[in-house]
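Chains as they are written, first to last, in the working numbering: chain B, 1 to 492; chain S, 1 to 492.
Accuracy of the hints is not assured; some may be wrong.
Identical copies carry no separate label here, and so any pair may be met within one copy or between two of them.
Derived pair list, reagent style SDA-like, types lysine to any residue, alpha-carbon separation capped at 25 Å [as the list claims (entries may be wrong)]:
1. Lys172 - Phe255
2. Lys237 - Gly267
3. Lys165 - His408
4. Lys459 - Leu235
Rather than coming from a laboratory, the hints here were simulated on the basis of the structure.
2 protein chains.
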Amino acid sequence: MAVELLKVDYRTALSSKPNISTSSNIYMTGDGHLFCENLCVKEIQYELAMKTDYASPFYLYSRAQIVDNVQQYKRSLEKNDVPHLLGYTVSANYNLEILRILQKLGCSAVVASINEIKIAMMAGFNPNMMVYNGNGKQLNELEFAVKCGVMINVDSLFDLEHIRKVCRMLHKKANVLMRLHPEIDSDSSQDITETKFGLHHKEFDKALQIVKEEDLVDLIGLHCHLETTLDDVQLFKESLDTMLFWVDKVREMGFDIRYLNMGEGIGLNYKRHIPQSDEILPETKDFISSIAEGIKSKNICLILEPGISIVGNTGILVTKVVGVKTNENKNFIVIDGSMAEVIRPSLYGAYHHIQLIEPTMVGYINQGSHSPNGSARLQTIGQWSWSKALLWWSLILSAEDYYMPYPHEGCGLAIRDVGAYCGSMSSNYSLRQRPAEVLVEGSRWRIIRHAEVFDDIVKPFIGLPSLGVYKDYIDTTEVHLGTLHPWLTWMH
Amino acid sequence: MAVELLKVDYRTALSSKPNISTSSNIYMTGDGHLFCENLCVKEIQYELAMKTDYASPFYLYSRAQIVDNVQQYKRSLEKNDVPHLLGYTVSANYNLEILRILQKLGCSAVVASINEIKIAMMAGFNPNMMVYNGNGKQLNELEFAVKCGVMINVDSLFDLEHIRKVCRMLHKKANVLMRLHPEIDSDSSQDITETKFGLHHKEFDKALQIVKEEDLVDLIGLHCHLETTLDDVQLFKESLDTMLFWVDKVREMGFDIRYLNMGEGIGLNYKRHIPQSDEILPETKDFISSIAEGIKSKNICLILEPGISIVGNTGILVTKVVGVKTNENKNFIVIDGSMAEVIRPSLYGAYHHIQLIEPTMVGYINQGSHSPNGSARLQTIGQWSWSKALLWWSLILSAEDYYMPYPHEGCGLAIRDVGAYCGSMSSNYSLRQRPAEVLVEGSRWRIIRHAEVFDDIVKPFIGLPSLGVYKDYIDTTEVHLGTLHPWLTWMH
Numbered sequence: 001m002a003v004e005l006l007k008v009d010y011r012t013a014l015s016s017k018p019n020i021s022t023s024s025n026i027y028m029t030g031d032g033h034l035f036c037e038n039l040c041v042k043e044i045q046y047e048l049a050m051k052t053d054y055a056s057p058f059y060l061y062s063r064a065q066i067v068d069n070v071q072q073y074k075r076s077l078e079k080n081d082v083p084h085l086l087g088y089t090v091s092a093n094y095n096l097e098i099l100r101i102l103q104k105l106g107c108s109a110v111v112a113s114i115n116e117i118k119i120a121m122m123a124g125f126n127p128n129m130m131v132y133n134g135n136g137k138q139l140n141e142l143e144f145a146v147k148c149g150v151m152i153n154v155d156s157l158f159d160l161e162h163i164r165k166v167c168r169m170l171h172k173k174a175n176v177l178m179r180l181h182p183e184i185d186s187d188s189s190q191d192i193t194e195t196k197f198g199l200h201h202k203e204f205d206k207a208l209q210i211v212k213e214e215d216l217v218d219l220i221g222l223h224c225h226l227e228t229t230l231d232d233v234q235l236f237k238e239s240l241d242t243m244l245f246w247v248d249k250v251r252e253m254g255f256d257i258r259y260l261n262m263g264e265g266i267g268l269n270y271k272r273h274i275p276q277s278d279e280i281l282p283e284t285k286d287f288i289s290s291i292a293e294g295i296k297s298k299n300i301c302l303i304l305e306p307g308i309s310i311v312g313n314t315g316i317l318v319t320k321v322v323g324v325k326t327n328e329n330k331n332f333i334v335i336d337g338s339m340a341e342v343i344r345p346s347l348y349g350a351y352h353h354i355q356l357i358e359p360t361m362v363g364y365i366n367q368g369s370h371s372p373n374g375s376a377r378l379q380t381i382g383q384w385s386w387s388k389a390l391l392w393w394s395l396i397l398s399a400e401d402y403y404m405p406y407p408h409e410g411c412g413l414a415i416r417d418v419g420a421y422c423g424s425m426s427s428n429y430s431l432r433q434r435p436a437e438v439l440v441e442g443s444r445w446r447i448i449r450h451a452e453v454f455d456d457i458v459k460p461f462i463g464l465p466s467l468g469v470y471k472d473y474i475d476t477t478e479v480h481l482g483t484l485h486p487w488l489t490w491m492h
Numbered sequence: 001m002a003v004e005l006l007k008v009d010y011r012t013a014l015s016s017k018p019n020i021s022t023s024s025n026i027y028m029t030g031d032g033h034l035f036c037e038n039l040c041v042k043e044i045q046y047e048l049a050m051k052t053d054y055a056s057p058f059y060l061y062s063r064a065q066i067v068d069n070v071q072q073y074k075r076s077l078e079k080n081d082v083p084h085l086l087g088y089t090v091s092a093n094y095n096l097e098i099l100r101i102l103q104k105l106g107c108s109a110v111v112a113s114i115n116e117i118k119i120a121m122m123a124g125f126n127p128n129m130m131v132y133n134g135n136g137k138q139l140n141e142l143e144f145a146v147k148c149g150v151m152i153n154v155d156s157l158f159d160l161e162h163i164r165k166v167c168r169m170l171h172k173k174a175n176v177l178m179r180l181h182p183e184i185d186s187d188s189s190q191d192i193t194e195t196k197f198g199l200h201h202k203e204f205d206k207a208l209q210i211v212k213e214e215d216l217v218d219l220i221g222l223h224c225h226l227e228t229t230l231d232d233v234q235l236f237k238e239s240l241d242t243m244l245f246w247v248d249k250v251r252e253m254g255f256d257i258r259y260l261n262m263g264e265g266i267g268l269n270y271k272r273h274i275p276q277s278d279e280i281l282p283e284t285k286d287f288i289s290s291i292a293e294g295i296k297s298k299n300i301c302l303i304l305e306p307g308i309s310i311v312g313n314t315g316i317l318v319t320k321v322v323g324v325k326t327n328e329n330k331n332f333i334v335i336d337g338s339m340a341e342v343i344r345p346s347l348y349g350a351y352h353h354i355q356l357i358e359p360t361m362v363g364y365i366n367q368g369s370h371s372p373n374g375s376a377r378l379q380t381i382g383q384w385s386w387s388k389a390l391l392w393w394s395l396i397l398s399a400e401d402y403y404m405p406y407p408h409e410g411c412g413l414a415i416r417d418v419g420a421y422c423g424s425m426s427s428n429y430s431l432r433q434r435p436a437e438v439l440v441e442g443s444r445w446r447i448i449r450h451a452e453v454f455d456d457i458v459k460p461f462i463g464l465p466s467l468g469v470y471k472d473y474i475d476t477t478e479v480h481l482g483t484l485h486p487w488l489t490w491m492h
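Excised from the complex, chain B in its bound form (with noise of 0.2 Å):
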């Protein structure tokens, strides 16, 4: 996996000047503080450590930044009188707060599988306006969400038969959308021989076929997915413009056509925070206006399914430094965050922004020379130490390749943009425990996720015949857990 490299100097972007779009509500002060809205992340880090045993690494999350990303999306929808459905991508952040917050701010819910429509209904979304995506639901899957009346996005011949079978079982209705392959909108730049989703031209007439004969499939709606986030605005338009053709086509056949999902949002700049990048992303309105006339011209119900624009620059991960070593060539920054709190740089090559949370007290590196007015240079996180076999547990920054204050142990550090495919897909490598996840609005925060216990850990293994055993074990050994709190061992 390909790790991009960029040379960033953090001593400019640490300059009085805040180095990130001052709209954003998670940004650097002058004297080297990261605030999350009014407050200091250094602060709440000091503060969860005083109130919980397992404190860090932490997610901390901005209220008002998930409000102005929908916002964002609701503004120029409105603003061009595009009749919408904003649905959310559960998928992306499942955390039942910030779903509450996004169903109170309008949004719908697109889901994944049960779980995710329960979720959702948890948090009080509307099951009737809920998609439910994915190529392999299953029987007892598509049951619940017809009972819950969830639209269900056809991707295959085999997935609409199994809708009609579970639709004659219950003697109940179901609303579809079809999910068209892109080799049908013949504008994507997708490799489409190697594409997955969706229903092929020839499978497309057949379901139409299907479903005019089948009194208990509704279909209302078309899908299409270019398969990523979007960053360019004329090929969503030329996207939309086949789509639109296609309800004519079917509209023609008779069909009441009422929804047309046009997939992913808009995509996220994770290099926005670098002075020197140039890339550059279109905005959300651009993207709304390109598509409003065509919409509106059909008098049609746009869907879009946003999951990183909506969650992913809300949150970040807030870690400590346990060290920093040097291997001559490189120096490495060795915090107690890992891949099994953010695990996107391993798998897909993700770019994750990173910054000291407060002044260092050290002063700036070299490569390994602790020169005052030296720096560091670091690596991108994509850098997570592994072996071709072996996954550590620790998330090391190599100092290779960004200029960056030498950090001193304790030391906050930041993971940005980890609002979106990170919580969501955590895991419990290394017997670590998921980090609790802290929601900041205004002056306040609060938490909206405990972080695991190791009981929760050790749960799956209860009830079984020899847990005895271990337990007295255990119990009979003369080893108790640590007494120093892990925050106060870091007090000098």
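Once you've looked at the hints, dock chain S against the given chain B.
What follows is chain S alone, placed relative to chain B:
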């Protein structure tokens, strides 16, 4: 991530002769049923489904295979009269029952976190014989390790400083090994400039100096690790020679070096199921006999840290086929397993063999045409479905590059060799429940890890102020759980 494609004719594989070494405890019978020891996997799948609500997919392990793997090491080590600690790497698979088996077989444990120490102790491992690895050990973890008398592998100067700090605080001695940077081991084929592990030359000298003056830290061994599983006997031998040179040198300085930790064990040939594969790995006994004399000449105890070679080939993920789809170019077998359960192909392009566990009811396909004498072309499971920014929940096998019988819906499909770094890295992505684990012992099977339930997923949100709201919401809806048993829905 490149996915290696191999041409395999499964029709050969399904002929009367088993396609894998007869010594394996998981094997295909002549009539096309996959067996684990004395039991038919399909029957276990059926029985498990009768017992539990969430029964597919599940991990299935062979106890006999675990025993065989350990015996291979033990026999070679004992035959060559090599003093040894066979340190099983807990990160590979932390199932408590599996740990218990390994402990009874005389393994010691290699751990990478405080929780791994705890679970290994629960399984009965003696902490004094454990080795604690990692770049980012935290003070509270070190405290626990020192209290328990775990041997600690020093990875860096700051790591050593932390150990000293903890020892002084506890007034207790620690036994440490020092991990050398591969540069010191000059025969390594690694790109050492990227390596984050171990002490570099100058650091090593300094570390020795520090330990010499520190009463509470006893240096009892050296450690090297090639950062890969072993597949080259000669390299291993050369690496040993270098380490023995260092053992002499460090002993001359007055240290009582009793252990030499040679790191990871032997690799696993994941492609051995493929009749045409020419990939051959040396056997355990070749490695052991290549170094036996060297070890014995120094009167030192060898430590090995195998993970994959102990548990890798002991487990399979048993899934069910949801359906087969085509994009006219490829056929895709959609199963109910996903990368949430087996992330290795996505994470580092690992090969995992797949097999139907039962004779297909449909016949063969050839690229979508249902010809009974045709064949399907099926791609490796590295082809998880995904897009640049978004991973979908279902594993999709693209039927282009492998010949395979056309599976009927509900047909069992096994992903081989998932015993290591699969269950231990599993996640709840797309809110999937982590599956049950089942152990086969001769003609019996039993559950050794309970499948998660939806409540487990929601648990971290319990106690949060507004959960009541959600609970009320879902309680007042008229939606209840699906009544269809997930298994029965496949019975036509």
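Against which earlier hints does the structure fall short, listed by number upward? Violated hint (a single one): 4; every other hint is consistent with the structure.
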